[in-house]
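Q: Build the full structure now, drawing on both the sequences and the hints.
2 protein chains.
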Amino acid sequence: MNTAIKFILTLVLLVAAASAQDNFVASIRNYRVKNEQRLLSDFTQFLSIPNIASDTPRVYLNADHLVERMKRMGLNPKTFYLGDKGSPPPVVYGEWKTPGAAKTIIFYAHYDGQPVDPKAWTVTDPFKPVIFDRPFEKGGKLIPFPATGEKIDPEWRLYARSASDDKAGVFAILTALEALKANGIQPTVNIKFLFEGEEEAGSPHLGEILTRNKDLLNADAFIVCDGPVHQSGRKQVVFGVRGDTNVDLTVYGANRPLHSGHYGNWSPNPAMRLARLLASMKDDRGNITIKGWNDDVEPLGPTEKKAIAEAPQIDEQLKRELALGQTEGGGKTLLELINIPSLNINGMKSGDVGPLARNVIPTTADAVLDLRLVKGNDFVRQVEKLRKYIELQGFYVIDHDPTDSERLAHPLIAKLIHRKGGYNAQRTPMDLPIGFSVVDAVQRVSSEQVIRMPTLGGSLPLSIITDALNVPTITVPIANYDNNQHAENENIRIQNLWDGIETYAALMTMKK
Amino acid sequence: MNTAIKFILTLVLLVAAASAQDNFVASIRNYRVKNEQRLLSDFTQFLSIPNIASDTPRVYLNADHLVERMKRMGLNPKTFYLGDKGSPPPVVYGEWKTPGAAKTIIFYAHYDGQPVDPKAWTVTDPFKPVIFDRPFEKGGKLIPFPATGEKIDPEWRLYARSASDDKAGVFAILTALEALKANGIQPTVNIKFLFEGEEEAGSPHLGEILTRNKDLLNADAFIVCDGPVHQSGRKQVVFGVRGDTNVDLTVYGANRPLHSGHYGNWSPNPAMRLARLLASMKDDRGNITIKGWNDDVEPLGPTEKKAIAEAPQIDEQLKRELALGQTEGGGKTLLELINIPSLNINGMKSGDVGPLARNVIPTTADAVLDLRLVKGNDFVRQVEKLRKYIELQGFYVIDHDPTDSERLAHPLIAKLIHRKGGYNAQRTPMDLPIGFSVVDAVQRVSSEQVIRMPTLGGSLPLSIITDALNVPTITVPIANYDNNQHAENENIRIQNLWDGIETYAALMTMKK
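Chains as they are written, first to last, in the working numbering: chain A, 655 to 1166; chain B, 655 to 1166.
To be clear, the hints were calculated from the coordinates, so they are not data collected in a lab. Possibly wrong hints are sitting among the right ones.
Since copy identity is lost for identical chains, a pair holds within one copy or between any two.
Stated by the list, open to error - Keeping only pairs whose Cα atoms sit at most 20 Å apart, straight-line, the calculated EDC-like set for lysine to aspartate or glutamate is:
id : residue 1 : residue 2
1  : Lys1069   : Glu1038
2  : Lys973    : Asp1055
3  : Lys782    : Asp874
4  : Lys1074   : Asp709
5  : Lys792    : Asp1058
6  : Lys936    : Asp949
7  : Lys973    : Glu1060
8  : Lys792    : Glu970
9  : Lys792    : Asp1055
10 : Lys1165   : Asp718
11 : Lys1042   : Asp937
12 : Lys936    : Asp902
13 : Lys792    : Glu1060
A: Next up, the structure:
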């Protein structure tokens, strides 16, 4: 297709979309505008409930909060536990039946959040939401919550853990249905709601919970409401995600801390050992050097390649924005790189830095690695490749802190712990009829052309879902891409939250 | 000298020493035995006063404590400040004049301590001293402080920050004079006391304070009461120390934290950049690869070489004890290695490890390096070698966090901060008469032959002292070598504290 024809087709599509927006969009938007102060206040209240995995009692408070809201909405909420109430956190389920509907859609989001290091949060405590008039990195200022009747600027940012990932998803889904009901608009599909509380812990129990409730969870599509819109600002519908798994790595020096003057450069320093080991895992262009790392990758098909080629090119924009003078991967684009397996150092620590640093040789050095997987990789096999590689570097690899006799017998020791909760990549074919219906619905509430993507760089437990349910998963993200997801100072751009309500309302009223 | 003759000479020396121990040793020991409960209690009280540099008001409480004790002992204490009372902590000075004495000896120790990470202290809070019946690493048990009249086992360990480094030195010096006075034994020399409060911060003001008080500080020897006895357990007299300086190093990724799935292996990870940089600084045998690192080292003279050759060989003992299957330096012994400049990673950190780890690309990675220097090195020049090396690896080296335009112009950026308070190595010739007098005095209270060492692996600000005062410095350590100095769980073996009192009393009554 030549460029001129492509341009004209795009215009036609946009005009069609604009006319389709019609009364529907106006109704949903109007509901939001009338209620935006209450919505912001309700969302803030939801964000104020801490939701990190290690704080199980509070994670439960989030589930209770959702059950209450869903009861009020008439969604007959249930909680699915494994065993007794207590750990692990439940999946909160609810449903809305539409008389005569031919299709059933499951909306999935998660109410738990990534761990927080409150010291690193410079804008606020992670669970005390605050508003900035713009992103604080761009000079945004802290402003008070709006007074009654005060206009809410859609460029404001609300800062809190899970503001984007993924309470925004949970909140927008439920609010979308409220907006439909308030306008007397009947959904066109049966709707099932599924809110998980262990996604950030790797969804260790989701598969079993879904399998136990398989009959209840029959559906035509599993819509995953998580992740960011495209970096261009355009909405995207994503047909896959990368798999993910985490590894804890520890290497050792002497069995007790030593004075760096009396023993330094004689007694091996574990920080240097870890540095040498990690450094060897990539070449100077950032390519992973671990043998066989990419061997089992399933190549992209023509549909996926075409989608990637047609996606907006955002590398240069991102490099400027993130102030990157250089990227990794030997010149490959971001979109190409998220289609190959990765190895990331999430964290690395030995001894102390800053004012706590002492002139010592630390006893251990730790790293946490994050391995992202693509179709064809297996998360257990990928960790085994890593283990073999470490062994090839001369390390004796064990799963416990070494005894003195192990230390004496093996000069180089690495403890490797494969964290619980990994899963494989998943990709739904891009040409299923339900996929086109989803894209059409999102297009209905978009002024720009919706992007279709074969995979998200991030991970969601979709392989667990498809293994358990045999329902195609499609991801419809709403968060701004610069949301500091997983890191300190997570935020959501208010307009993205408002757009999310319209997007999910459109999905609930998709073509029959 | 063949082995048989050497053996006989050693015997003769030991017999001579044993007879010289005579009444003198018995008197000092007797004083200690009679008072050991009070002494332990007084020392514990001293250790309970926090003494880390960042907590200046409490560092001052230590100085006040010493002034009080020295007043009671009639030592006319003074405090030397730079500027007003406040920061920095003072040098506490006192003196004891001996009628007719021909020699003057300065006793130096420091009352400040290394920083502490209370979370890492597993035996107690750093400033809540506790007793274990043996080293806790060897299965020692926490025991209560002795009841009145209960015998104190000299193998007990007292745990607290500065238990060894260096409040043991301060305490043993003052107690030695008390023991002499209580026995009516007159010192043979004039004694000056100098207790510093900034040694662990690199003695940034000591030089100026000494220079200002040069006339008052005229002396024949400057006895430094710090550091550990030899790893063989034998007492040592040490004629030099290594120099020392610290560097803070930071490398950068994107200007904000990023989701490791969406951007990992495209946006560079600063932890990997730091790992690669640090790893390149040593080869796989632990030899430093930085150009010219050893170029300006002054070779050891024949006296020093002989002393090293005659010192007990402790590498194999230490390797077993520390459970080291391998050491660095390509087969060189510990004693050889402490005579060349070192590079140690004190600490290294990027993102978080353990439960706080998140699936992110951190924004920065930090390391603190400790550079030990030998005679001939200059601490400023050594850091410049490091800076040049980092530049050669392609880094733009700056002294501030980079701006976005610096980041865009320079793909690799390292912030290098040369910490305040470095100093050079120092070595007193081993054949000065005062050196022999010191060794003889220490031998008087030793049942084994005293070891003479050209240098300590550790550092003390002796070059600052000799630059300011032109007085030969000789180090007479008393702490057990396995004291966890500078690290968590610092301790002193009670017998070493008791021995220290005898050692310093012997020095105060050295040959005229």
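Q: Could you work out which earlier hints the structure fails to respect and list their numbers in ascending sequence?
A: When the structure is compared with the hints, numbers 3, 10 turn out to be violated.
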